[in-house]
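Novice: Residues per chain are reported as follows:
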Amino acid sequence: MDERPEDRLVDEARRGGREAFAELVRRHERRVYGVCFRMAGDHAEADDLAQEVFLTAWRAIGSFRRNSSFYTWIYRIAVNTSLTHLKKKRREKARAAFDENAAVPVPVPGAPSSPEGSSALNELKGRVDEAVGSLPAHFRASFALVAGEGLSHRDAARVLGCSENCVAWRMHKARKLLRARLRPFLEEVGS
Amino acid sequence: MRCRAAQRRLSDELDGTLDPGRRSRLEAHLRVCPACRAYRGGLARLQAEVRPEAGRSAEYWAGFEKRLEARLDGEEAGRRAVERPFAGRRRVAWAVAGLALAAVAAAWFGLLRPRPILIADWPQDEYGLAPLLLEAEADPELGRAVEGEIRASIREIAPAADADAAALAAADPLFWEGLSEEELGAIAAGLERDNGLGGPK
Chain A
1 MDERPEDRLV
11 DEARRGGREA
21 FAELVRRHER
31 RVYGVCFRMA
41 GDHAEADDLA
51 QEVFLTAWRA
61 IGSFRRNSSF
71 YTWIYRIAVN
81 TSLTHLKKKR
91 REKARAAFDE
101 NAAVPVPVPG
111 APSSPEGSSA
121 LNELKGRVDE
131 AVGSLPAHFR
141 ASFALVAGEG
151 LSHRDAARVL
161 GCSENCVAWR
171 MHKARKLLRA
181 RLRPFLEEVG
191 S
Chain B
1 MRCRAAQRRL
11 SDELDGTLDP
21 GRRSRLEAHL
31 RVCPACRAYR
41 GGLARLQAEV
51 RPEAGRSAEY
61 WAGFEKRLEA
71 RLDGEEAGRR
81 AVERPFAGRR
91 RVAWAVAGLA
101 LAAVAAAWFG
111 LLRPRPILIA
121 DWPQDEYGLA
131 PLLLEAEADP
141 ELGRAVEGEI
151 RASIREIAPA
161 ADADAAALAA
171 ADPLFWEGLS
181 EEELGAIAAG
191 LERDNGLGGP
201 K
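In order, the protein sequence lines correspond to chains A and B.
Quick note on numbering: this note's numbering labels position 178 of the first sequence as 178, and the sequence is numbered without any gaps.
Quick note on numbering: this note's numbering labels position 106 of the second sequence as 106, and the sequence is numbered without any gaps.
Please keep in mind that the hints were generated in silico from the structure rather than gathered at the bench.
For each label pair, taking beta carbons as the anchor points, the in silico distance ranges come out as:
id: 1; chain 1: A; residue 1: N80; chain 2: B; residue 2: A105; range: 47 to 53 Å
id: 2; chain 1: B; residue 1: A38; chain 2: A; residue 2: R30; range: 32 to 38 Å
id: 3; chain 1: B; residue 1: G98; chain 2: A; residue 2: L83; range: 43 to 49 Å
id: 4; chain 1: A; residue 1: R30; chain 2: B; residue 2: A35; range: 36 to 42 Å
Within a straight-line C-alpha distance of at most 35 Å, the following computed DSBU-like cross-link-like pairs (lysine-lysine) qualify:
id: 5; chain 1: A; residue 1: K89; chain 2: A; residue 2: K125
id: 6; chain 1: A; residue 1: K87; chain 2: A; residue 2: K125
id: 7; chain 1: A; residue 1: K93; chain 2: A; residue 2: K176
id: 8; chain 1: A; residue 1: K88; chain 2: B; residue 2: K66
id: 9; chain 1: B; residue 1: K66; chain 2: A; residue 2: K93
id: 10; chain 1: B; residue 1: K66; chain 2: A; residue 2: K87
id: 11; chain 1: A; residue 1: K173; chain 2: A; residue 2: K88
id: 12; chain 1: A; residue 1: K125; chain 2: B; residue 2: K66
id: 13; chain 1: A; residue 1: K173; chain 2: A; residue 2: K125
id: 14; chain 1: A; residue 1: K125; chain 2: A; residue 2: K93
id: 15; chain 1: A; residue 1: K88; chain 2: A; residue 2: K176
id: 16; chain 1: A; residue 1: K173; chain 2: A; residue 2: K89
id: 17; chain 1: A; residue 1: K89; chain 2: B; residue 2: K66
id: 18; chain 1: A; residue 1: K176; chain 2: A; residue 2: K125
id: 19; chain 1: A; residue 1: K93; chain 2: A; residue 2: K173
All residues carry an ideal CB built from backbone N, CA and C; glycine is no exception.
Okay, chain A solo, but in the shape it has when bound (with noise of 0.2 Å):
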């Protein structure tokens, strides 16, 4: 494992160092995905931000300034991305609706869409998945964050652009909206 200080990669790559950033690609993989796929709430979808996410940075790592940490950096243009993309969807939905002969089905936030998807999900986490696609877009994004990806309220405020206390009204609400949806689950696992 390549034991160089995020630091001097974030600085190679800066200078157009092609490994360095794919070292950071590979520290950061996962958490992009997971942040992408939580707030578009579907694999491929997912894959594709994730993408997006990692060449946009690459485009944008001479413009990094380091007033905050690469993590929370790559965090904002993951949520960012994230959001666009949702936008884009929603508009894409309502022309659909309003287009009579529109035979392609809209999918579902959160319904596995690919094989891999679908035989590692139970059933509890696929909704709980479609649950957490179905939260507005920015407590989908806070909860996301927190609670799919451990940061504190701090660290997601600086990602999000607010405050530590609006990211813990977000996160309440949104756990109490998730509970609301899930509670019929919750309990009969729980029992």
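Following the hints, put chain B in place on chain A, whose structure we already have.
Specialist: This is chain B only, laid out in the frame that chain A set:
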């Protein structure tokens, strides 16, 4: 503590942001509230289902990195293909523009710019006016002689100019209109006194 506040604190507790004072009040509430205990159990179960990473195999990640590498390669190749020719063309364009500007500047300053006419630049033949005027500046006697010559030359030309003025006045009867005989006389006397030239008769 009410249930509503307790639920908010339960969320903070899960995220590890609950301070000890609030934690003890929350624990006290949970001891007497089965609904909030159930709520806590539900949140814990939910958290357990969310936390695990989305479950992708090592092969998937190898493929992910490979695809990303290929996309970065493609992007860099595309950028080089687009940037290089244009960069070369831009350099040539700037060089041509610079040369053209230099040529225009040289033509303007070297050939086309109007030059101030200096006495020293006048024709330097021995009978020319320029050396005479330069000498007259240093010699008062010569200066007076030159001035006399110039005045005499003007007097030679003046009658013709006078005749032209008279002809102009005759052709334009309104020229003197509005002036009284006295005013006309005063003007004529003034002209005669100042310049030795007569006004309209």
